[in-house]
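Student: In case you want the letters, here they are:
Protein chains: 2
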Amino acid sequence: MSPIDERPAGQAHPTQSLDDTVHQRTRLGALAVLHESAQAEFTFLREALDLTAGNLSRHLQVLEEAGLVEVDKGYEGRRPRTWVRITKAGRRAFLDEIAQLKELIRRVDDAAEGPDRG
Amino acid sequence: MSPIDERPAGQAHPTQSLDDTVHQRTRLGALAVLHESAQAEFTFLREALDLTAGNLSRHLQVLEEAGLVEVDKGYEGRRPRTWVRITKAGRRAFLDEIAQLKELIRRVDDAAEGPDRG
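Sequence order for the protein chains is A and B. Residue numbering for the first sequence follows my numbering, starting at 1 and increasing by one per position. Residue numbering for the second sequence follows my numbering, starting at 1001 and increasing by one per position.
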């Protein structure tokens, strides 16, 4: 924060607070699915988001490195399975993103109602 | 669309329809500001979004190449001015993004209300 930050109130834009790690479309989708189900099998995620395995892996790695998801490889019977879980930090980051998006949408909807009367 | 696309209804995820050209955080911010004011001076945009000139220029170029904004350089008196205007296609793309984000948020809020009763 600059000491001479005299930005008028209400001028800071909600997109400034978005975090690219979460906001990127594929990662946002993965976090949304995991937020809903807490844990998901890799193949389920891949199908839910209509991604290639390589693309999903790459994005999960970014999320894992940021501590937002945990990836566990194991077996179910003889079949290899990869489970993906959202972490507490992941949930918080996802809900922060959703809050910023709500604020963005509120502004768009307010603007649609007519010119600023303030 | 694959002819064997038998994805159950309601499974297609709203983030699949997001367009990176619009969704990227800085460009989303620029489009949001331009959607509100139709046209804005480069410096105004830069300050509203708290960006460096180089960063904003780079993103405006992506939007201009996609036909979503128009950039006009001119003078106001002796001062060089750059005006940025959202195009009809830009407005449509922005509102599509907002519609997808609303759908995403609706799902998150629905999930927060408790387990699926369907």
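FYI, nobody ran anything at the bench for these hints, they're computed from the structure. Among the hints, erroneous ones may be present.
[As the list claims (entries may be wrong)] Heads up, simulated DSS-like pairs for lysine-lysine below, C-alpha to C-alpha not over 27 Å straight-line: (1) K88(A) <-> K102(A); (2) K1088(B) <-> K1102(B); (3) K1088(B) <-> K88(A); (4) K1102(B) <-> K102(A); (5) K1088(B) <-> K102(A); (6) K1073(B) <-> K1088(B); (7) K73(A) <-> K88(A).
Student: Does each hint fit the structure? Answer for all of them.
Tutor: Verification of the supplied hints:
1. K88(A) <-> K102(A): Between K88(A) and K102(A) the Cα gap is close to 21 Å, so the pair holds against 27 Å.
2. K1088(B) <-> K1102(B): holds, 21 Å
3. K1088(B) <-> K88(A): Distance ~41 Å between K1088(B) and K88(A) Cα, so the pair is violated.
4. K1102(B) <-> K102(A): holds, 8 Å
5. K1088(B) <-> K102(A): holds, 24 Å
6. K1073(B) <-> K1088(B): With Cα atoms ~20 Å apart, K1073(B) and K1088(B) stay inside 27 Å; holds.
7. K73(A) <-> K88(A): holds, 20 Å
When held up to the earlier numbered hints, the structure conflicts with hint 3 and nothing else.
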